[in-house]
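Protein sequences appear in the order of chains B and V. Residue numbering for the first sequence is 0 to 230, as defined by numbering that gives the first Met the number 0. Residue numbering for the second sequence is 0 to 312, as defined by numbering that gives the first Met the number 0.
Misleading hints may appear alongside valid ones.
Unchecked claim - With a cut-off of at most 30 Å between alpha-carbon atoms, the simulated DSS-like pairs for lysine-lysine come out as follows:
id, chain 1, residue 1, chain 2, residue 2
1, B, Lys105, V, Lys304
2, B, Lys121, V, Lys161
3, V, Lys84, B, Lys12
4, B, Lys121, B, Lys105
5, B, Lys102, V, Lys109
These aren't lab readings, by the way, just hints derived from the structure by calculation.
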Amino acid sequence: MLEVTDLHAYYGKSHVLQGVNLTVGDNQVVRLLGRNGVGRSTTTKAIMGMVRVAGSVRFKGREISGLPPYEIARCGIGIVPESRNIFPTLTVYENLLIGMKSKNQKGRWSVDATFDLFPNLKERARTAAGVLSGGEQQMLSICRTLMGDPDLVMVDEPTEGLAPQLVEQVGVLLEKIAAQGVAILLVEQKLQIALRISHQVLVMGHGRIVFSGTPKDLLAQESVRREWLEV
Amino acid sequence: MLHSLVFVLVNGLVYGLLLFLLSSGLTLIFSMMGVLNFAQASFYMLGAYLGYQIMAWTDYWVALFVAPVAVGLLGAAVERYVLSKTHHRGQVAELLLTFGLSYLIVEGVKLVWGVNAVNYGMPPSLNFPIFAINGVSYPAYNVFMMVVSVAIFALLYVLLTKTRIGIIIQAALSDRDMVGMLGHNIPRIFALVFGIGCALAGVAGVVGGNILVTEPSMALSLGPIIFVVVVIGGMGSFGGALVASLLIGLLQNYMTTLNVSLAGLVGVSLGSHAPFRELLNQPLSQLAAIMPYFLMILILAFRPKGLMGKVES
Ligand SMILES: Nc1ncnc2c1ncn2[C@@H]1O[C@H](COP(=O)(O)OP(=O)(O)O)[C@@H](O)[C@H]1O
Ligand SMILES: [Mg+2]
Chain B
0 MLEVTDLHAY
10 YGKSHVLQGV
20 NLTVGDNQVV
30 RLLGRNGVGR
40 STTTKAIMGM
50 VRVAGSVRFK
60 GREISGLPPY
70 EIARCGIGIV
80 PESRNIFPTL
90 TVYENLLIGM
100 KSKNQKGRWS
110 VDATFDLFPN
120 LKERARTAAG
130 VLSGGEQQML
140 SICRTLMGDP
150 DLVMVDEPTE
160 GLAPQLVEQV
170 GVLLEKIAAQ
180 GVAILLVEQK
190 LQIALRISHQ
200 VLVMGHGRIV
210 FSGTPKDLLA
220 QESVRREWLE
230 V
Chain V
0 MLHSLVFVLV
10 NGLVYGLLLF
20 LLSSGLTLIF
30 SMMGVLNFAQ
40 ASFYMLGAYL
50 GYQIMAWTDY
60 WVALFVAPVA
70 VGLLGAAVER
80 YVLSKTHHRG
90 QVAELLLTFG
100 LSYLIVEGVK
110 LVWGVNAVNY
120 GMPPSLNFPI
130 FAINGVSYPA
140 YNVFMMVVSV
150 AIFALLYVLL
160 TKTRIGIIIQ
170 AALSDRDMVG
180 MLGHNIPRIF
190 ALVFGIGCAL
200 AGVAGVVGGN
210 ILVTEPSMAL
220 SLGPIIFVVV
230 VIGGMGSFGG
240 ALVASLLIGL
250 LQNYMTTLNV
260 SLAGLVGVSL
270 GSHAPFRELL
280 NQPLSQLAAI
290 MPYFLMILIL
300 AFRPKGLMGK
310 VES
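Work out the full structure, taking the sequences as your base and the hints as a guide.
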């Protein structure tokens, strides 16, 4: 579904992505791990067209690097940025509405279904999203992206700063998303969210993928964990 | 005395609302794109000339609708095909471009309609006195201008808060990158917003052009005031633009009625060699034109973010 080949990205003179290769298959859950500052967020932004890149990004067989973000979104990629980026002055309901790419978009997700999933959001439907708690904002941000009915969703450190109980809730939501046949690229520092299925684990270090395998493989490779993950 | 006070008040409101039509368009464009549209007053002028021309061909009511739409479409085209190419080069390039555009429009208008004022009259159906106080009557057209301004703002309010596209525009005002990543065509939204901002100036031109004289210098005479309004109100603040527009409208109209001078105000009489004698003996009415600039300098010096702005200008 997604094939990234030899991807390079720069911020001014600093060479942040130095030849990233990764693939996400149909309906797969892929976890992208690494310490802070290694380039995980930049990878998601590069796929989304938010930073200038060299290299190739193919999605459903089509080359998408160089397209503006809105066209990439319309190809079926959704992103939930680590800063959540909810629209604080708009209501919860309006935030969800903006997630839809057209007025009568029909897809796997609907506002009503979201409200059934998160009664908290339903109660606050008419309040400004800026007053929600961090956890509620995270749920809103994920649900807003789902409204656009993506086939692949990239979720960047969704549990940062959340209480353990909320981490669990995020995990439950991610499993529901996967169950709908949506592929997931999940960015974390280490394997923190418990998921029943993770097809592939990637570890990133200094702008490159330094390990790729199953969760079991990673468990077996203590040297990888020590060098690239543990602090 | 009563009638002059009422007239000053109403005239101030009319002028203030006209300023707000112009400054709200500027604010809308600035909040979303960070572009200070230097050509805003030129689009106002274009609205007036198109209003005059369309009224000559058909009638005023057609002009009131068609001229702002035409100005809006031109604005949207400018953004889509020219201005958008400079967004990534930063604000100076954008400012210079709109600066050049403002001259182009003024010169273009001179080529088409000549260098003298055109005879843009009031619609006959609105050319009557609407009320009179102590035998002095007040023109209905000025009241009509107020009604149009308020109606436009009501329309804009509904558009921005009750429609899907308006909500997307609001979101883009705060975080356009996120709106783009959710699949909305940001360049098209930019063109739309720029077009709406210019159309607001176009409305001001159509309704204001016939009482303020439609001539090639009209853009230059109103242009600086709009920027003053935006700075005093606070860059990017609609509420600030409204307050500052009405403040300047009312204050300026009030001052033009004052015959007392600064010296007279504090009750001193000046010898023929007193310093600043000229300035201090001017009647305040003569100072009305520079008052907005004086206010702007005070604001910049002592409250740089303006009356209601969030960021320092
Ligand atoms: N907008 C930016 N401008 C300049 N440098 C940046 C920017 N964003 C990130 N960086 C740098 O790029 C590197 C990778 O950042 P990022 O992709 O955010 O890492 P991660 O998400 O893995 O923590 C870091 O060194 C960071 O300081
Ligand atoms: Mg990050």
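Handout entry: List of violated hint numbers, smallest to largest
Key = 1 and 5
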